[in-house]
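Residues per chain, in single letters:
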Amino acid sequence: MSSKLPYAEPRVYKLDEDLLTNMDPGMWSTTLSADEQDLLIRQLGDRGWGRMLLFTKYYTPGWGEGNRQISPRGQAAMLRFLEQVSFRKDANPSVFLSDDGELQLAWNDTDGKAVQLLFGPNSIEVFHEARMREESLPLNAYPELAAEFSHV
Amino acid sequence: MSDQLVGEEEELVRAVCSPDGYDRDAGRISSLLMTGKNTSVSRTRLIPLQDHWELFRRCVEKPDVRKLELCATITIPELRAIAEQHAKDYNIPKREIKVVVKPNSCWKPPDGHAEIEGRLSQGLANTIIKKLHYLKEDGSLWTFDGVRLVAQEDAA
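Residue numbers (the working numbering), protein chains in the order written: chain A, 1 to 152; chain B, 1 to 156.
Source of the hints: derived by calculation from the structure; they are not laboratory data. Each statement offered as a hint is correct.
The calculated label-pair distances, taken between Cβ atoms and stated as ranges, are:
1) B:Glu9 to A:Thr31: 41 to 49 Å
2) A:Thr60 to B:Gln50: 27 to 35 Å
3) A:Asn140 to B:Asp3: 33 to 41 Å
4) B:Lys108 to A:Leu137: 37 to 45 Å
5) B:Gln50 to A:Pro143: 44 to 52 Å
Part of the chain A face toward chain B, derived, beta carbon under 7 Å:
6) Tyr58
7) Glu65
8) Gln104
9) Asn108
10) Gln116
Derived DMTMM-like pairs (lysine to aspartate or glutamate); straight-line CA-CA distance at most 20 Å:
11) A:Lys57 to B:Glu61
12) B:Lys94 to A:Glu135
13) B:Lys108 to A:Glu65
14) B:Lys67 to A:Asp100
15) B:Lys131 to B:Glu9
16) A:Lys89 to B:Asp25
17) B:Lys130 to A:Asp111
18) B:Lys62 to A:Asp100
19) A:Lys113 to B:Asp89
20) B:Lys130 to A:Asp109
21) B:Lys98 to B:Glu8
22) B:Lys37 to A:Glu135
From the three backbone atoms N, C-alpha and C, an ideal C-beta is built for every residue, glycine too.
So here's chain A without its partners, still in its complex pose (with noise of 0.2 Å):
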């Protein structure tokens, strides 16, 4: 029988590039921190954040017929974009969840046209109906997009 425990010898990991230039590494699971909780709070609402604790908490893999749990690569983008993002007073923003455990955040804006900014794994995809807008950004362009969306 080997002398050697499993794992023993050296592993080499390598961060994926924006991993570690924007993320936390540790940040890797889902589950919301006290202070993930109360920016929550602040930015969304009860309403939000009592939401973002049901799709943490109970939509597990395979919720629905076969969806992904959240990314937690889409959340940390989300969460980045509402520390810096001011929204509009009345803008009352909603946060999704799509099958593919991206997190949409929508509201509308002062002329009732919709934003959305679907935060998945590898991109924030862009739709501001009033500028006809669709397009797909890396996830580190969470702060222009949070400057872009204030107060609209």
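With chain A held as given, fit chain B onto it using these hints.
The following block gives chain B in isolation, referenced to the frame of chain A:
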């Protein structure tokens, strides 16, 4: 073996569930309802619309906190017309709408289940959800005006 296509004139049904696809307190429906990938739909040609409440509760209300709120219907010709107009409005290539039969053992009959192939953009899906016909279990009809659900005056 290639997939069997759903009939050209068929009506499709989509379950609208909270909290993932519907924010009940805000009355807001998410475009994710129709983005995919491979959006699951049901066929009223094989399963009567009134039978979908029991079917969707049995097949899609998972986890327990997920609740069926509305059934949304649309025909394939309507979907194609929306996709064509959306392409013109946004000056982009037209998105072909292909609906294929995807037998699902939870459906009875299994061929009552189908999928809209591929992913639709948020923009196209946003236009579609404003054209869907929404039905509550009490028989009332609703529309989504882009901001919130609105009751139709001539309810069934």
